[in-house]
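Read off the chains here:
4 protein chains.
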Amino acid sequence: MDYVYGPGRNHLFVPGPVNIPEPVLRAMNRNNEDYRSPAVPALTKILLEDVKKIFKTTSGTPFIIPTTGTGAWESALTNTLSPGDRIVSFLIGQFSLLWIDQQQRLNFNVDVVESEWGQGARLDILESKIASDNAHTIKAICIVHNETATGVTNNLAKVRKILDEYQHPALLLVDGVSSICAIDFRMDEWGVDVALTGSQKALSLPTGLGIVCASPKAIEASKTAKSLRVFFDWSDYLKFYKLGTYWPYTPSIQLLYGLKAALDLIFEEGLDNVILRHKRLGTATRLAVEAWGLKNCTQKEEWFSDTVTAVVVPPNIDSSEIVKRAWKRYNLNLGLGLNKVAGKVFRIGHLGNLNELQLLGCLAGVEMILKDVGYPVKLGSGVAAASAYLQNNIPLIPSRI
Amino acid sequence: MDYVYGPGRNHLFVPGPVNIPEPVLRAMNRNNEDYRSPAVPALTKILLEDVKKIFKTTSGTPFIIPTTGTGAWESALTNTLSPGDRIVSFLIGQFSLLWIDQQQRLNFNVDVVESEWGQGARLDILESKIASDNAHTIKAICIVHNETATGVTNNLAKVRKILDEYQHPALLLVDGVSSICAIDFRMDEWGVDVALTGSQKALSLPTGLGIVCASPKAIEASKTAKSLRVFFDWSDYLKFYKLGTYWPYTPSIQLLYGLKAALDLIFEEGLDNVILRHKRLGTATRLAVEAWGLKNCTQKEEWFSDTVTAVVVPPNIDSSEIVKRAWKRYNLNLGLGLNKVAGKVFRIGHLGNLNELQLLGCLAGVEMILKDVGYPVKLGSGVAAASAYLQNNIPLIPSRI
Amino acid sequence: MDYVYGPGRNHLFVPGPVNIPEPVLRAMNRNNEDYRSPAVPALTKILLEDVKKIFKTTSGTPFIIPTTGTGAWESALTNTLSPGDRIVSFLIGQFSLLWIDQQQRLNFNVDVVESEWGQGARLDILESKIASDNAHTIKAICIVHNETATGVTNNLAKVRKILDEYQHPALLLVDGVSSICAIDFRMDEWGVDVALTGSQKALSLPTGLGIVCASPKAIEASKTAKSLRVFFDWSDYLKFYKLGTYWPYTPSIQLLYGLKAALDLIFEEGLDNVILRHKRLGTATRLAVEAWGLKNCTQKEEWFSDTVTAVVVPPNIDSSEIVKRAWKRYNLNLGLGLNKVAGKVFRIGHLGNLNELQLLGCLAGVEMILKDVGYPVKLGSGVAAASAYLQNNIPLIPSRI
Amino acid sequence: MDYVYGPGRNHLFVPGPVNIPEPVLRAMNRNNEDYRSPAVPALTKILLEDVKKIFKTTSGTPFIIPTTGTGAWESALTNTLSPGDRIVSFLIGQFSLLWIDQQQRLNFNVDVVESEWGQGARLDILESKIASDNAHTIKAICIVHNETATGVTNNLAKVRKILDEYQHPALLLVDGVSSICAIDFRMDEWGVDVALTGSQKALSLPTGLGIVCASPKAIEASKTAKSLRVFFDWSDYLKFYKLGTYWPYTPSIQLLYGLKAALDLIFEEGLDNVILRHKRLGTATRLAVEAWGLKNCTQKEEWFSDTVTAVVVPPNIDSSEIVKRAWKRYNLNLGLGLNKVAGKVFRIGHLGNLNELQLLGCLAGVEMILKDVGYPVKLGSGVAAASAYLQNNIPLIPSRI
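Protein chains in written order, with UniProt numbering: chain B, 1 to 401; chain R, 1 to 401; chain C, 1 to 401; chain L, 1 to 401.
Hints in this document: simulated from the structure, not taken from any laboratory. The structure displayed is predicted, hence computed values, not measured ones. Certain hints may be false.
Examples of chain B residues toward chain C, derived with CB under 10 angstroms [said to hold, decoys possible]:
| hint | residue |
| --- | --- |
| 1 | L25 |
| 2 | A27 |
| 3 | P38 |
| 4 | A39 |
| 5 | S59 |
| 6 | D101 |
| 7 | R105 |
| 8 | N107 |
| 9 | R280 |
| 10 | T283 |
| 11 | P398 |
Under 7 angstroms between C-beta atoms, here's a sample of chain R residues computed to sit facing chain L [claimed, not checked]:
| hint | residue |
| --- | --- |
| 12 | N29 |
| 13 | R30 |
| 14 | E321 |
| 15 | R325 |
Where a beta carbon is used, it is the ideal one built from N, C-alpha and C, also for glycine.
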């Protein structure tokens, strides 16, 4: 049943799915239950409240949908928009590209704003579009908070500021798949209308839950949005919320208990501490990359991502060889370069339930692989740079003080 | 984390989600993996071949979609049909009703053929519609193989016979959610074009996989079907099948390994033996109901379901009280009566990885509950009737002979 | 890895090892930990306090030893007695016999008081021995609270009464392996000096912990007892208790967490409710046996055991055939007759985390097996008798009211 | 239930209990079974054969005892020796000291040969004792293969050579607790009479199995050995081996299946490859220690241990502070210095199911801790030294080539 066994623990450093902590594995190790008996609604009620905390919203309405991030995207779009609606969408890497592809296939009029891969969303262009859209033809802004393919984090507060400045009513739809629970995200403060994430990312669960949160304005929009949806229709959820049974169709019992355990861990650590931990992991990784003499795919510090780092390899090296070798020799999983950056970057995911020594093990591995493929890295250099920073910044584990 | 603990094992006799066998729980007790490394495609390749066996198809193309049965329905419809298409659909209980609701919301022209709840699909009416449809305006027949709300199994061979007799090209779309892997189902032999099931039913897994199988004719239809779909679009799967990476978006690693374990158990027992076991469980349940002096909601033997039995309670009793009491006093979960039969029937699910002594424990519980709620049942009568049959029919466990 | 797979859940009705509840399986599903870091002592401290509750002692000292019941016996004897010491020991079945064998091999002077198998300890003989032992040559009374081979529960309060009446200082050593946590046991009130149980019995854990509790008098005796012991020496434990590190050698991390979960379940249900549940299960079983026209191996009601029932089969039937058939055809595990009652009785274990419907499933199975082997049982008769009693006596599950 | 949660994975680098691989956790995630039904003996039979392979014996008789290493010691001694027997035993660290303490408490006449801690057994003294023991008063040589407290591996081949040279019949009893399955060990070739290990060491299981293997000569000795033993008596096992039921008392079902899984992993990797992997891990650790400018407690290369490295800290540093800090800040568990080397060394366990990147993460952690406590380490230096060696020596994972 394990097709490719290697001794020791697998070092999982793709930007999702990520490592599941033991308490979550334990919580999911259970038989099915009848989701119509009182226990499951009682649990769901708690979960819906708890989930709002990771979105930093009090007014939003969460939907925990048995789907993936791709389904969560579709849920966000089809519930709030109508075919033909003009939306501004930023193409900055493979995942924003895939979302845009979905938007186009769903028949929206997508106004694509493209950046060079490795750069953030062109908010200057957004501003000019918003400024000139007195007729409010733009119905929504679609933006990934963190582009997983390039390790670029966009500035959402600034997006909100632009919309506010021009009092533009466009909905703000945010893909937070590789940010929420890891990078500072504030749904209410930033006036995000729909935010979404997937369970297998910073929540550190298996794949299977698309978690979507809708602002009151988004809920209002859903009443008139004409896009066709059934499986993803929020109105079915809202109907069952009112009934107190919560589920229009069968949820995964295991993932619900797992989500409870995952959220409990996050709240025990403290969401802000979780975010600080990711900042440490991101910073340490970037310091290592620098020490290796390699470039971060992300071109400016303002866009640096604390959940994934795409590392540019020298032209004579094929980054996919690095990924293959990591797996074949070191039991290490790194992320491939995708599409435009295929062969040119490899990615280190550093999100979810992960600590500093795990990351240093990964970085030590990357160094050896770089040497394997002929890059003249000084072994230990990246680890040294990362450690120097970490040794000054890791806090004591609160429960152990 | 367990909100409503009761001593001993929960007796789960709803018609899904059903009991998960220990080997499957074990297989799923694992960390995430990188689904882009070679191990997951290798596993997927095996799964896609294995899954075809439970559909009894060699020519079909399976899709293992991270969704529920409701999503599988949507996948079946939107990939093969275009808005406005006329489809004949049979309303015989709550689940066929929900599917029809979906069909209507997806803008098909649904020609609903209704039966009294407790009766099977009106195939006589189908025949007359087919016979008169020389223009082939009917694009698809949608039918549940087994209606979970009433415990009615439809005769699919007969549907095929009707279509063949009139050489009608309508697609045959079958909801096999509560039949496949439990009730005899033959995709190729019966010329089913799309068949589907959910992981939490007879496969005895957690919820999370909608498994859909498409005939070559259905695949062909998908090339021209104009219904909008993105998440559920087969073409994305087919593209990744060709690439050998298989997944257009992230699958649940745990469910893939769980599916492998579940299928292995089914193949070890033998699919035909699994079906025979369900026949024993169904027969035993019906004999108990008869012994209690109660009526089966299913009105004729030809429709008897081997996966769920809906038991009609006397008019002075509210069946939902039975379900509540089962849970509160006996740690037993029975199915509620739904919609038209709410309060009038309770349901015993007897599908999945279940054996005869588990069922007899349930039946003994139902007897006590019937007495609790004032029905003058003779305690032991149902168990006696069921046992008399079972004692004559249970085979030795092959691995223990 | 599962050598003899059978569909559905295994019905485990041997009197140990018993079914492990899911929350306990979950708690044990974990990696190893460093038992010298602060977490494990903190857990151990809680466990030692909690364990005293199931012995109903406040003054006793518990030892959680990585061993089995056989090791726990040896611990009880060697820590409190010296070679050549006279001990009165009751032979009433296979397990008391094995303990006596151990006592003799450990070079004690064992004064064996034998009963017919199926009868309790001859306390009348004990009384006469105590009455005449003015010289206090008897150093200890060794008695099984519940003889697992015959389903006989001895009256410990009466033993204490006899000792008190003659102010006899003999230590009272009690094997509570198949009683503690299931049958009323009161260490302090009954003046028990050493009591012991095993994790795989009513605690519903895997095998691996021998739990021994010593009264202050037993601890005092351990200071002068000359029996050789090292692995089982209490003094090593006491030394580490004082140090606050608790463990003289490596404990099973998994079993410690499992024990915590198991005790939490028992305390949530309430120890007295657990005992009442076992009384219901025992009574129901005996009523079934009576209805089948069979005899309980236990000859008088005063000795009836609420954790195991040994059922006498008619002379023409070999009880081991019943046990074999149960396993081969019904996925049911019953206990064999042992030694003197081999072939003559089979045993139904009804202890641990078990509820009434599980038991009724087992009883229904036994009925079919009896028929299989040619005994003219009326199918349903035992279940009916048991149900009639249970339906009047099962309480609502408190967490679900 | 998790008293001292820290984010990310715990880095467990004590020399036992060690990390349990996921396939083993999965195998143990199961309900109890009846150990008297045919499945458990069938499994046991396989295990007894498989276990012999890790001892490299074909003629030995294995005993899988529900106990710890301390119990395994007692089993080895009491089954082969009689009180008063003269045994030569080597005191080279805390664990050999504890074994000697046990030997003395068991009333053997222990001829202790002491070494400075950090040195190996004084085989020169052994030789002189053997040479002069024409009367064969020495009944056994007791030696730890690997002293876990100091990281010293003794040369067992040489011990055999000495005994052979003088044709001395003393039994050779070997504690292989921290060597077997990790350091080259050859029971038959080296004429070891009793060898033993514990499940929580290189086998990478939970604590709970003491695995003892006896040569034909040891089995012969057990027939006349007069040491008192009951729980640990091999004769009970041998009796049940003959009966084919194998177990004199209840085994842990979970550990048996776990042992099967653990052995399967070892055989899949290849025992010799497992040993080579430990050699790599040991070498890498020693190179790091050297790079840090610290000393290995082990004084000569011939004694270097591939399973544990005791690192000597400078006099101004308390090594227990290092261990505390590792746990409190880095979620890393290191081994304390024990007894004579308390405060002076900390230990890095590098045994069991562990790979190189895990070790490098640990080494990076140790570097930061060294800096934390004021030792002027150059961050990255140890990792660099270890990596340089590893990058040249790690083989491809065979299943992934």
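Going through the hints against the structure:
The interface hint given for L25/B is met, as the beta carbon of that residue sits about 7 angstroms from the closest beta carbon of chain C, less than 10 angstroms. The beta carbon of A27/B is positioned within 10 angstroms of a beta carbon in chain C (closest approach about 7 angstroms), and the interface hint is therefore held. A distance limit of 10 angstroms between C-beta atoms decides the matter here; for P38/B the minimum to chain C is near 7 angstroms, and the interface restraint holds. Interface hint status for A39/B: upheld, as the beta-carbon distance to the closest one in chain C is roughly 9 angstroms, under 10 angstroms.
Hint status for S59/B relative to chain C: violated, with the closest Cβ pair at about 33 angstroms, above 10 angstroms. For D101/B, the interface hint is violated, since its Cβ never comes within 10 angstroms of a Cβ in chain C; the closest pair sits about 41 angstroms apart. Proximity of R105/B to chain C is violated relative to the hint, the smallest CB-CB distance being about 42 angstroms (cut-off 10 angstroms). Because the smallest distance between the Cβ of N107/B and any Cβ of chain C comes to about 47 angstroms, over 10 angstroms, the interface hint for this residue is violated.
Checking R280/B against chain C by beta carbon gives a least distance of about 23 angstroms; that is not within 10 angstroms, so the hint is violated. Taken as an interface hint, T283/B does not check out: its beta carbon lies about 29 angstroms from the nearest beta carbon of chain C, beyond 10 angstroms. Given the 10 angstroms rule on beta carbons, the hint for P398/B is violated: about 14 angstroms separates it from the nearest Cβ of chain C. This hint holds: N29/R has a C-beta 5 angstroms from the nearest C-beta of chain L, less than the 7 angstroms allowed.
Here the hint on R30/R is kept, as its CB sits about 6 angstroms from the closest CB of chain L, short of 7 angstroms. Using the Cβ-Cβ criterion of 7 angstroms, the hint placing E321/R at the interface with chain L is not satisfied: the shortest such distance is roughly 33 angstroms. For R325/R, the shortest C-beta to C-beta distance to chain L is roughly 28 angstroms, which exceeds 7 angstroms, and the interface hint is violated.
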